[in-house]
Amino acid sequence: GESVGLHLPTLSVQEGDNSIINCAYSNSASDYFIWYKQESGKGPQFIIDIRSNMDKRQGQRVTVLLNKTVKHLSLQIAATQPGDSAVYFCAENRHSGYSTLTFGKGTMLLVSP
Amino acid sequence: ETGVTQSPTHLIKTRGQQVTLRCSSQSGHNTVSWYQQALGQGPQFIFQYYREEENGRGNFPPRFSGLQFPNYSSELNVNALELDDSALYLCASSLAPNQPQHFGDGTRLSIL
Chain G
1 GESVGLHLPT LSVQEGDNSI INCAYSNSAS DYFIWYKQES GKGPQFIIDI
51 RSNMDKRQGQ RVTVLLNKTV KHLSLQIAAT QPGDSAVYFC AENRHSGYST
101 LTFGKGTMLL VSP
Chain X
114 ETGVTQSPTH LIKTRGQQVT LRCSSQSGHN TVSWYQQALG QGPQFIFQYY
164 REEENGRGNF PPRFSGLQFP NYSSELNVNA LELDDSALYL CASSLAPNQP
214 QHFGDGTRLS IL
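Residue numbers (my numbering), protein chains in the order written: chain G, 1 to 113; chain X, 114 to 225.
Think of the hints as simulated: they come from the structure by calculation, not from any bench. Hints are supplied without guarantee of correctness; some may be wrong.
[What the hints assert, rightly or not] 30 Å max Cα-Cα, derived DSBU-like pairs, lysine-lysine:
1. G:Lys42 x G:Lys105
2. G:Lys56 x G:Lys71
3. G:Lys42 x G:Lys56
4. G:Lys68 x G:Lys56
5. G:Lys105 x X:Lys126
6. G:Lys42 x X:Lys126
Construct all of the structure, not just a fragment, from the sequences and the given hints.
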């Protein structure tokens, strides 16, 4: 079936390093992608989004790259901080008369001081 | 600006009971979506409400139902609770159905 999945379940980095979290999607009809950060005991927090007519989008310390040819999405976090430790989800948005987010299983990012 | 708020934060029920979870959408948002998040998994779409009408539904049985009110707040009702219904239930609101969704912190439902 169609799904959104992540390559790495856990990523451990040192404070100050750059982090890259990867995501594969299989539905070529998806036209909007979102990265969420979820801290323990909290709901997913919107980080950054990208539409399918773009290849790259930058925010504050974060960059999302979209490769539609291989159906791959990545989130880059510059100068990773301990506060970035959380589970990161990519989600694809499928428009079928309504909008629904399909989430992958998530990647745990652990940042050591 | 007040974000998405959900109540209660935690709830314990037994099998066969019914439960109602509540969500207040972010100011100005007319669309509410509900998700179920099992432990260690990503959220799974239950349904979406737009201007008081169900606007789409995921793969959940009819015992999962909802409402949206004129002020755009929403309820999720689950009847005949089963053990597998134990999960974090998340509400997300957006300015419109195709706009970014912003989540509340969820209701943790435990079924004994």
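Cross-check of the supplied hints:
1. G:Lys42 x G:Lys105: With a Cα-Cα distance of about 16 Å, the restraint between lysine 42 of chain G and lysine 105 of chain G holds, given a limit of 30 Å.
2. G:Lys56 x G:Lys71: Roughly 14 Å between the alpha carbons, so the hint for lysine 56 of chain G and lysine 71 of chain G holds.
3. G:Lys42 x G:Lys56: Given pair lysine 42 of chain G, lysine 56 of chain G holds - Cα atoms ~28 Å apart, limit 30 Å.
4. G:Lys68 x G:Lys56: 11 Å, holds
5. G:Lys105 x X:Lys126: At roughly 27 Å apart (the allowed maximum being 30 Å), lysine 126 of chain X and lysine 105 of chain G satisfy the hint.
6. G:Lys42 x X:Lys126: 21 Å, holds
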